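If you read the sequences in order, they're chains A and B. Under the numbering used here, the first residue of the first sequence is numbered 980, with each subsequent residue one higher. Under the numbering used here, the first residue of the second sequence is numbered 245, with each subsequent residue one higher.
Among the clues, some could well be false.
Claimed, not checked - Within a straight-line C-alpha distance of at most 27 Å, the following computed DSS-like cross-link-like pairs (lysine-lysine) qualify:
no., chain 1, residue 1, chain 2, residue 2
1, A, 1080, A, 1157
2, A, 1177, A, 1242
3, A, 1089, A, 1180
4, A, 1048, B, 320
5, A, 1160, A, 1064
6, A, 1242, A, 1064
7, A, 1129, A, 1089
8, A, 1089, B, 320
9, A, 1308, B, 320
As the list claims (entries may be wrong) - Stretch-level coverage of chain B by chain A, calculated; a stretch enters the list once three of its residues show a Cβ under 8 Å from a Cβ in chain A:
no., stretch
10, 281–293
11, 301–310
Please keep in mind that the hints were generated in silico from the structure rather than gathered at the bench. No experiment lies behind these values; they were computed from the predicted model shown. Backbone N, C-alpha and C fix where the C-beta goes; we use that ideal spot for every residue, glycine too.
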Amino acid sequence: PTPSVSSGINAEYGDFEGINPSDKPPSGKNELNIVNAPVNMKGHWEDYYLEIIGLIGVFVYALNFYTGKSINNRLANAWFEHHKKLLSDAFCIVGDDGVSKEISEDVLVKESENRFVLWCTGRLGCEGIKIEIKLLRRQDLISVLSQIFKPQSDTITITTYMSPEDMDSVVLAVMPRKGLKRLQQEVQDLAHFATEKKADKFDLPHQLGILAEFSEVSNELLSVPVCKTISENIDVFDSIHFSDYYTGFKISQESQTETERPKPVKRLIFNFVIPGHGKRTKSSIMETTEPLLRMALHMMTRVHKFKLSKENKTKAEKHRIQVEEEYLKQTHAQRQEAAQARRDERKRMEKEKMQELDPEAQRRYEEREYKKSMRRSGPRVKQLKVKTG
Amino acid sequence: RRKRKKERLLKMKSSGINAEYGVPKEGEDPMAEYMNLLAMLFSMCGLMMRFKWAAWAAVYCAFIGFSNSRSSEDTKQIFSSFMLSISSVVMSYLQSPTPMAISYFS
């Protein structure tokens, strides 16, 4: 019988009202038409403010990158062009690329967007020089912003590579007094050999201090013209460091090992700064290092020609031998410790392996170890066969 | 020109002479490598976890890493971190075009 369709609860069809179960479902296709309705973007652009800020930030960063990069390139090339004549008069080859087998010229090697390197060689008294133009990271917006809080300067570092026969035992450093004590502790050769000398007798600005192994060195090398040039260009001068025993900065005790200890080399290092803390970006600012570059070339020749007195030479050699012996002793102790640690580790591993073997093998191993230790500790005893009877 | 002597011409290889001991060189500044690594990490976060902010951070890290990189470094790695970060941004918005402001602040 057909269930009633009146209002009220119908147990079979649930709580549906007004539905006649005998009704046929509507005829036609059962397809679902999905219409491509366009996304309604009208009037909602303001919700994308974060994305717009992000895009603007990327655009600003890219703009700063290209601006900073072009300023750095211009400054580096300006420095090179201005000093090329002076360097060409002093060196046969100016601007070797330092990489290819053939000698090249006039190449300012770009290490990064703010670091440029110039190699020069072909001069008596030195193997060659490396000039590093370290500019501010103008291409990086983060660095540009941090420059506001912590101003830094563009620097020029000239490292002269001296052969063993080019230079006598000279250790000399002239730098601002502020960093003198710290550097003396951190740089190995200054810590071992140099002591502070009085700067009063030299016509140097009061903010500079002198470290030297012997007064003879500072008296001879810091001549009147040198001191005058430094004084007149004090805003460009940063430091000089001459050493026949250069090994860089002191490595911390934990990490120092035999293989990491560098071989002492002979170097003359000149550090200059471009005045203005990077704010002045006209190409002409790069010309301010010319007098000091002349002084540096002059000092290279002076150091090459300088010879210590016999007495000081003997002292210097003795001192270097002492330092070398001390170092060998230190590392000897470290090497022994390392070897002992390796031996202990090996024994421990063998013991662990032995635990897993059967008792017979363990007994044989222990016997072997006992015989070994007896051989090591006791003197060798000759066996005599005595005939009895 | 007594200062010039051709027999003193020496070819200095940058790999040998550049070994300045103990002096922290600019080239040893690991910022570029860290930034590249961060860019890749943020890109993966953005793609897999669908964090739009991570995708944007990846783009910035890739840019910073690129601007601080040395010329001798492998450009392929820098280029790949760039492409990965841009693709993570694009994929995040293709999957869900809602703006960040609404996703995170509403």
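Structure-based check of each hint:
1. A:1080 / A:1157: Answer violated: residue 1080 of chain A to residue 1157 of chain A is near 44 Å, above 27 Å.
2. A:1177 / A:1242: violated (31 Å)
3. A:1089 / A:1180: violated (42 Å)
4. A:1048 / B:320: It holds: about 21 Å lies between the C-alpha atoms, which stays within 27 Å.
5. A:1160 / A:1064: violated (38 Å)
6. A:1242 / A:1064: Violated - the C-alpha atoms of residue 1064 of chain A and residue 1242 of chain A are around 35 Å apart, more than 27 Å.
7. A:1129 / A:1089: holds (26 Å)
8. A:1089 / B:320: Between residue 1089 of chain A and residue 320 of chain B the Cα gap is close to 19 Å, so the pair holds against 27 Å.
9. A:1308 / B:320: Violated: residue 1308 of chain A and residue 320 of chain B sit about 47 Å apart, past 27 Å.
10. 281–293: violated (count 0)
11. 301–310: holds (count 4)
Going down the numbered hints, you'll see the structure goes against 1, 2, 3, 5, 6, 9, 10, while the others check out.
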